[in-house]
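> Spelled out, the chains give:
Number of protein chains: 4
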Amino acid sequence: MLREHTFDLPVRYYETDAQGVVHHSNYLRYMELARIELLEAVGFDYAAIEAAGVLLVVAKATVRFKSPARYGDTLRVWIRTERAYGARIDHAYVMKIGERIVVEAETTIASIDREGRVQRIPRELEIEEE
Amino acid sequence: MLREHTFDLPVRYYETDAQGVVHHSNYLRYMELARIELLEAVGFDYAAIEAAGVLLVVAKATVRFKSPARYGDTLRVWIRTERAYGARIDHAYVMKIGERIVVEAETTIASIDREGRVQRIPRELEIEEE
Amino acid sequence: MLREHTFDLPVRYYETDAQGVVHHSNYLRYMELARIELLEAVGFDYAAIEAAGVLLVVAKATVRFKSPARYGDTLRVWIRTERAYGARIDHAYVMKIGERIVVEAETTIASIDREGRVQRIPRELEIEEE
Amino acid sequence: MLREHTFDLPVRYYETDAQGVVHHSNYLRYMELARIELLEAVGFDYAAIEAAGVLLVVAKATVRFKSPARYGDTLRVWIRTERAYGARIDHAYVMKIGERIVVEAETTIASIDREGRVQRIPRELEIEEE
Numbered sequence: 001m002l003r004e005h006t007f008d009l010p011v012r013y014y015e016t017d018a019q020g021v022v023h024h025s026n027y028l029r030y031m032e033l034a035r036i037e038l039l040e041a042v043g044f045d046y047a048a049i050e051a052a053g054v055l056l057v058v059a060k061a062t063v064r065f066k067s068p069a070r071y072g073d074t075l076r077v078w079i080r081t082e083r084a085y086g087a088r089i090d091h092a093y094v095m096k097i098g099e100r101i102v103v104e105a106e107t108t109i110a111s112i113d114r115e116g117r118v119q120r121i122p123r124e125l126e127i128e129e130e
Numbered sequence: 001m002l003r004e005h006t007f008d009l010p011v012r013y014y015e016t017d018a019q020g021v022v023h024h025s026n027y028l029r030y031m032e033l034a035r036i037e038l039l040e041a042v043g044f045d046y047a048a049i050e051a052a053g054v055l056l057v058v059a060k061a062t063v064r065f066k067s068p069a070r071y072g073d074t075l076r077v078w079i080r081t082e083r084a085y086g087a088r089i090d091h092a093y094v095m096k097i098g099e100r101i102v103v104e105a106e107t108t109i110a111s112i113d114r115e116g117r118v119q120r121i122p123r124e125l126e127i128e129e130e
Numbered sequence: 001m002l003r004e005h006t007f008d009l010p011v012r013y014y015e016t017d018a019q020g021v022v023h024h025s026n027y028l029r030y031m032e033l034a035r036i037e038l039l040e041a042v043g044f045d046y047a048a049i050e051a052a053g054v055l056l057v058v059a060k061a062t063v064r065f066k067s068p069a070r071y072g073d074t075l076r077v078w079i080r081t082e083r084a085y086g087a088r089i090d091h092a093y094v095m096k097i098g099e100r101i102v103v104e105a106e107t108t109i110a111s112i113d114r115e116g117r118v119q120r121i122p123r124e125l126e127i128e129e130e
Numbered sequence: 001m002l003r004e005h006t007f008d009l010p011v012r013y014y015e016t017d018a019q020g021v022v023h024h025s026n027y028l029r030y031m032e033l034a035r036i037e038l039l040e041a042v043g044f045d046y047a048a049i050e051a052a053g054v055l056l057v058v059a060k061a062t063v064r065f066k067s068p069a070r071y072g073d074t075l076r077v078w079i080r081t082e083r084a085y086g087a088r089i090d091h092a093y094v095m096k097i098g099e100r101i102v103v104e105a106e107t108t109i110a111s112i113d114r115e116g117r118v119q120r121i122p123r124e125l126e127i128e129e130e
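Protein sequence lines, in the order shown, are assigned to chains A, B, C and D. Residues in the first sequence are numbered consecutively from 1, following this note's numbering. Residues in the second sequence are numbered consecutively from 1, following this note's numbering. Residues in the third sequence are numbered consecutively from 1, following this note's numbering. Residues in the fourth sequence are numbered consecutively from 1, following this note's numbering.
One thing to keep in mind: the hints can contain errors.
Straight-line distance between alpha carbons at most 25 Å, and here's what the computed DSS-like set of lysine-lysine pairs gives [said to hold, decoys possible]:
1) A:Lys66 with A:Lys96
2) A:Lys96 with B:Lys96
3) A:Lys60 with B:Lys60
4) B:Lys66 with B:Lys96
5) C:Lys66 with D:Lys96
6) D:Lys96 with C:Lys96
7) C:Lys66 with C:Lys96
8) B:Lys60 with A:Lys66
9) B:Lys60 with B:Lys96
10) B:Lys66 with A:Lys96
11) C:Lys96 with C:Lys60
12) D:Lys96 with D:Lys66
13) D:Lys60 with D:Lys96
14) A:Lys96 with A:Lys60
15) A:Lys60 with B:Lys66
16) C:Lys96 with D:Lys66
17) C:Lys66 with D:Lys60
18) D:Lys60 with C:Lys96
Keep in mind that the hints were calculated from the coordinates and are not lab data.
Could you build the full structure based on these sequences and the hints that come with them?
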């Protein structure tokens, strides 16, 4: 599985709030998009994984909002898989505008079945810790 | 300042996602609502604070997603101010459906002015640590 | 099938925009909620209808935004099924704050199968024109 | 003022719903983005117009949802100013994926001041009907 991925994400006007900056809840959406783009960059199809009965749900997220992003800005989004083993996947994220850091974050993803029971992630998604 | 507050929040259909559960990004919105309801429960008006040039922005959020919420569920949202001093306010949150915990979270709010410079929170918002 | 339904919908802070009013796109979400509440008020379960292979999709919407709604306001939402026959359901909506009209709208819903082909709505949803 | 504008808009994963397609309410957001891009394409700055006390609010929207858009699709968005005179601006929109039409729409924008009173649009925004 590809370990890291970087892509550009232009801020959309309707994602900004009354202070003119991207509403902080949207960064969780950008992070979800980053996970999907990372999967797809190596030929995985998230819909297919889910159709096979593997639900990848966010169990924990920690986000540090360092500076604002505005309409007209383009975020450079970096995601890295830190660990993918057993029923758990850990990711780290950094979003920047130029050299300025906007967001740093980590998430833990849990792999469950349709009844909500923990289950191993598909073997081909695994990444051993270094 | 009121230290804690509890209120009921019915899940709205359009806040659920392809898995039929509340999309995890929405809990950051529920937490924002909790902060505003906590302020208003003691007669503060968030719009007035902002009009006075005090912007309260989320600097950090940690959220543990323990179990899902669905359309038809009503979340009982509890928020508590842990600390409010200097240019920083810390909150803790628990959301439950009945006795089942859905989300546990903490945030750190920073108080800034319109130019993004750190500034003290209004005196009347302060809560000393115990 | 129940022909009309009325319910109260408090505006949530995070549904307002940079002008401090409910963002106009949210009224389409309120209208979707109204359709679901109308169905459920007579014992239909939208998820069950969909599980049976009947997808009800919005084919057309006309919305007149007459006046704003703000955080703190509660909308009284009225919905009425104007026609439900063949593969099509027409609804009308009025949302008010007190006597003041906020939104008037109409939608046409199309009934399709999973391949996107037009199909009749379930018999029990039908309402003949008067 | 520029009369029409076309741009590409990739669908973002988090804008799709339980049926795997772009939620219909998002098209109103895409249309708002189209109006802003049209203004900016000729050097107008929407924030500056608003700072000058001119609020442009959607008074009416009619949207025909012809076919679905999915994650992975890129919408080609076309917008045209049909009329801009007095206190009113009319736009038409077509969104396509390749040759397939996804959405056709029209909106009427009203120009108001901060107290909600109708006011003329700025002279330089005017377009006479042909």
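> Hint by hint, say whether it matches the structure.
The hints, checked one at a time:
1. A:Lys66 with A:Lys96: holds, 10 Å
2. A:Lys96 with B:Lys96: violated, 35 Å
3. A:Lys60 with B:Lys60: Satisfied, since the Cα-Cα distance of roughly 14 Å is no more than 25 Å.
4. B:Lys66 with B:Lys96: holds, 10 Å
5. C:Lys66 with D:Lys96: violated, 30 Å
6. D:Lys96 with C:Lys96: violated, 35 Å
7. C:Lys66 with C:Lys96: holds, 10 Å
8. B:Lys60 with A:Lys66: holds, 8 Å
9. B:Lys60 with B:Lys96: This hinted pair holds, its Cα atoms lying about 22 Å apart.
10. B:Lys66 with A:Lys96: At roughly 30 Å apart (the allowed maximum being 25 Å), A:Lys96 and B:Lys66 break the hint.
11. C:Lys96 with C:Lys60: Distance ~22 Å between C:Lys96 and C:Lys60 Cα, so the pair holds.
12. D:Lys96 with D:Lys66: holds, 10 Å
13. D:Lys60 with D:Lys96: holds, 22 Å
14. A:Lys96 with A:Lys60: Between A:Lys96 and A:Lys60 the Cα gap is close to 22 Å, so the pair holds against 25 Å.
15. A:Lys60 with B:Lys66: Cα-Cα ~8 Å, so holds.
16. C:Lys96 with D:Lys66: violated, 30 Å
17. C:Lys66 with D:Lys60: Within the cut-off at roughly 9 Å; holds.
18. D:Lys60 with C:Lys96: holds, 17 Å
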